[in-house]
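Model the full assembly from the supplied sequences, consistent with the hints where possible.
Respectively, the protein sequence lines represent chains A and B.
Under the working numbering, the first residue of the first sequence carries the number 1, and numbering increases by one thereafter.
Under the working numbering, the first residue of the second sequence carries the number 196, and numbering increases by one thereafter.
Do not take every clue at face value.
To be verified - Beyond 10 Å from chain B on every Cβ pair, some chain A residues (computed): (1) E5; (2) S67; (3) A71; (4) W75; (5) R85.
Unchecked claim - Some chain B residues near chain A, calculated using beta-carbon distances under 7 Å: (6) I210; (7) K247; (8) I253; (9) P256; (10) I264; (11) V268; (12) L270; (13) Q271; (14) G285.
Stated by the list, open to error - Here are the simulated DMTMM-like cross-link-like pairs (lysine to aspartate or glutamate), alpha carbons at most 20 Å apart as the crow flies: (15) A:K73 with A:E48; (16) A:K63 with A:E5; (17) A:K44 with B:E262; (18) A:K179 with B:E235; (19) A:K44 with A:E27; (20) B:K247 with A:E129.
Hints were generated in silico from the structure; no laboratory data involved.
Each residue gets a CB set at the ideal place from its N, CA and C atoms; glycine is no exception.
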Amino acid sequence: MSEQEQALGLIARCLQGEQIAYTELYELYAAGIYRLCYSLVFHKQDAEDVVQEVFVYAFKNLKRYDSDKSAFKTWLYTIAVSRCRNTYRRKRLPQIDFSQIFQLNIPAPQSETPEAALAQRNVQDALTEALIELPLNLREAVVLRYGHGLTYREIADVMNCPAKTAESRVRLAHQRLRKLLQSQGQGLLEELLSF
Amino acid sequence: MMKYRYCRSRMVAYINGELPPRVRRRMAQYIDTCPRCYAEYVRQRELQHELKMRVPGIGIPEAGQIERIWNAVQLQMQQPTVATPHLRYGVLIAVMVVLLMIPLFVSQPAVEASVATQPQPQTLIQKVVTPGATPVAVVVNNTLELTSQLMNVTPAAVVTPGG
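Rendered as structure tokens:
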């Protein structure tokens, strides 16, 4: 059973008033929505608030979801991106939660030496900092594409723009990321590309 | 240089397999023959690979975080929804304009529209003086107007303008 079919089944049960179905629907998407929100606002508390808003809105408006227009995941992502934009606008200067950024738990291979682990951490930090530097629309495009594997059509639906625009935003994000990583040191870029 | 520019602008789409076959063949040819294009291809492919591998690692929720948010969602869901009237912006603006215009109509002196009148010709007033008597008549607009004490005045005593 595909994710969408599973979601449609749960939605039907939710609309019949089955409380456990809401829990199951939340569990199916919560982690992904949190990752998306955190990657856009880069602040733990803000991301939590947005996730809460997204699910409260979605559950209260479940009747309005039209499965013919988009997948449930795309609908949730659209709400999440819109709420993240509101949060971003409210706080023009986003409060970056560096403590969270630098404590990313990347599973390390067993044979990894401390030097290699440090290099991995540096690369991840550099990439995260580069993402923070990106303009919001490019960040949205690159996070949806590479963080969540959405197609250009789906990205376009979520970002409310034509598919070609979504494609060009991903391309622009690529170019910017390369420049940003180069500005942090050629060595770091080489290191990033060597893994 | 032309080949490199052509390749660079289409490289991401090429790696994602999103180009039409004709452009794709041309790109492949350039990548095979131009070392700079090949280097660009390798860099972009590696960057894309890195992004696919590392971006999903950003913002993985901590243990208990998802449950904490769920509790907050449930609390908020239990709260009764306050029905707020959905005002259309146009209606709202119209109401505000009416409210702003109220002071113009209230406590304002009534303004009467007056029809423009033709100015009167210059009036020539000349006193008719009789010795030992107060002025008794004036000529206004070639019309004899009596004011008082007409008894000692004869028409001959009236001096007309220019006369």
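* Asked: Where does the structure disagree with the numbered hints, that is, which hint numbers, in rising order?
  -> The structure breaks hints 6, 12, 14; every other hint is satisfied.
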